[in-house]
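If you read the protein sequences in the order shown, they are chains A and B. Under the working numbering, the first sequence has 32 at position 32, and the numbering climbs by one with no breaks. Under the working numbering, the second sequence has 56 at position 56, and the numbering climbs by one with no breaks.
One thing to keep in mind: the hints can contain errors.
[Stated by the list, open to error] Simulated pairs of lysine-lysine, DSSO-like, Cα-Cα distance not exceeding 27 Å:
1) B:Lys71 / A:Lys40
2) B:Lys99 / A:Lys36
3) B:Lys71 / B:Lys99
4) A:Lys38 / B:Lys42
5) A:Lys38 / B:Lys22
6) B:Lys99 / A:Lys40
[Said to hold, decoys possible] According to the in silico footprint, chain B covers these stretches of chain A (three or more CB under 8 Å from chain B):
7) 35-43
8) 99-109
[Claimed, not checked] Taking beta-carbon pairs under 7 Å as the criterion, some of the chain B residues facing chain A (in silico):
9) Arg43
10) Pro44
11) Lys99
12) Phe102
13) Gly105
14) Phe111
The hints are simulated quantities; they were obtained by calculation from the structure and are not laboratory data. Glycine included, C-beta positions come from ideal geometry on N, C-alpha and C.
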Amino acid sequence: DTEVTQTPKHLVMGMTNKKSLKCEQHMGHRAMYWYKQKAKKPPELMFVYSYEKLSINESVPSRFSPECPNSSLLNLHLHALQPEDSALYLCASSVTRGETQYFGPGTRLLVL
Amino acid sequence: GENVEQHPSTLSVQEGDSAVIKCTYSDSASNYFPWYKQELGKRPQLIIDIRSNVGEKKDQRIAVTLNKTAKHFSLHITETQPEDSAVYFCAASKGNTDKLIFGTGTRLQVFP
Chain A
1 DTEVTQTPKH LVMGMTNKKS LKCEQHMGHR AMYWYKQKAK KPPELMFVYS
51 YEKLSINESV PSRFSPECPN SSLLNLHLHA LQPEDSALYL CASSVTRGET
101 QYFGPGTRLL VL
Chain B
1 GENVEQHPST LSVQEGDSAV IKCTYSDSAS NYFPWYKQEL GKRPQLIIDI
51 RSNVGEKKDQ RIAVTLNKTA KHFSLHITET QPEDSAVYFC AASKGNTDKL
101 IFGTGTRLQV FP
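Kindly produce the complete structure, drawing on both the sequences and the hints.
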């Protein structure tokens, strides 16, 4: 398997809901990333995990909670989101930190 | 902090013509420069990258050049085809950090 996969592809949630985004890779990569991308803008880094430990948090609000249960899986738990959090959420992975990052297809999130 | 400027924001070319997109970075310590292509509704896809110990890299119709002194790097696409139409993002990072600083993107349209 040479791809990063993400589920779900689309998600609609209310401001009081709790939901989770899932990212998976089976390439043996030990660094995984969450990005947020608004329309017509570049991706913005949110979190970095290296060897299953959180290494970078780009001052993301606590309503976004990342989790890395194992080396292949990365989750993003969502709670009490705001409409302005609507965006494409991209996961990426790389062999190790500082190496080429490969992106998943993203989850398109709409917060009502 | 690091800043990456990208020009032009839109570029329209006739099929078969060449396209050039230019980026300028601010941090002289940056040493890794990837280019991503993002089609509408799809993931950013790495098309070529270059490290600071190399001045030029080619892959079929795509080439990237790097001028470390001027802190410029450019993407060159020759013999453009309609399927090259997409948004192209340049990015820069330094050392073994994970943070890719993206340019603002160039929307390339190739007309048949």
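Checked hints:
1. Taken as a hint, the B:Lys71 and A:Lys40 pair is honoured in the structure, with Cα atoms around 25 Å apart against an allowance of 27 Å.
2. Restraint check for B:Lys99 and A:Lys36: satisfied, since their Cα atoms lie roughly 13 Å apart, inside the 27 Å limit.
3. Between B:Lys71 and B:Lys99, the direct Cα distance comes to roughly 18 Å. Compliance with the 27 Å bound is thereby established for this hinted pair.
4. Distance restraint check for A:Lys38 and B:Lys42: the Cα-Cα separation of roughly 13 Å lies within the 27 Å cut-off, and the hinted pair is therefore satisfied.
5. Simply put, A:Lys38 and B:Lys22 have alpha-carbon atoms about 23 Å apart, close enough for the 27 Å limit, and the pair holds.
6. Restraint check for B:Lys99 and A:Lys40: the C-alpha separation of about 20 Å stays at or below 27 Å, so the hint holds.
7. Proximity of the stretch 35-43 of chain A to chain B, defined as three or more residues with a beta carbon under 8 Å from a beta carbon of that chain, is established by the 4 residues found.
8. Under the rule that three or more residues need a Cβ within less than 8 Å of chain B, the assignment of the stretch 99-109 of chain A holds, with 7 such residues.
9. A hinted interface residue such as B:Arg43 counts as satisfied when its beta carbon comes closer than 7 Å to some beta carbon of chain A; here the least separation is about 4 Å, so the hint holds.
10. Annotation: B:Pro44 was flagged as interfacial toward chain A, and the flag holds, the nearest CB pair being 5 Å apart, inside 7 Å.
11. For B:Lys99, the shortest C-beta to C-beta distance to chain A is roughly 6 Å, which falls under 7 Å, so the interface hint holds.
12. With a cut of 7 Å, the hint placing B:Phe102 at the interface with chain A holds, because the nearest CB-to-CB distance is about 3 Å.
13. Interface hint at B:Gly105: satisfied, since its Cβ lies 6 Å from the closest Cβ of chain A, which is below the 7 Å cut-off.
14. With its C-beta approaching chain A no nearer than about 21 Å, B:Phe111 sits outside the 7 Å limit, and its interface hint is violated.
When each numbered hint is compared with the structure, a violation occurs for hint 14 only.
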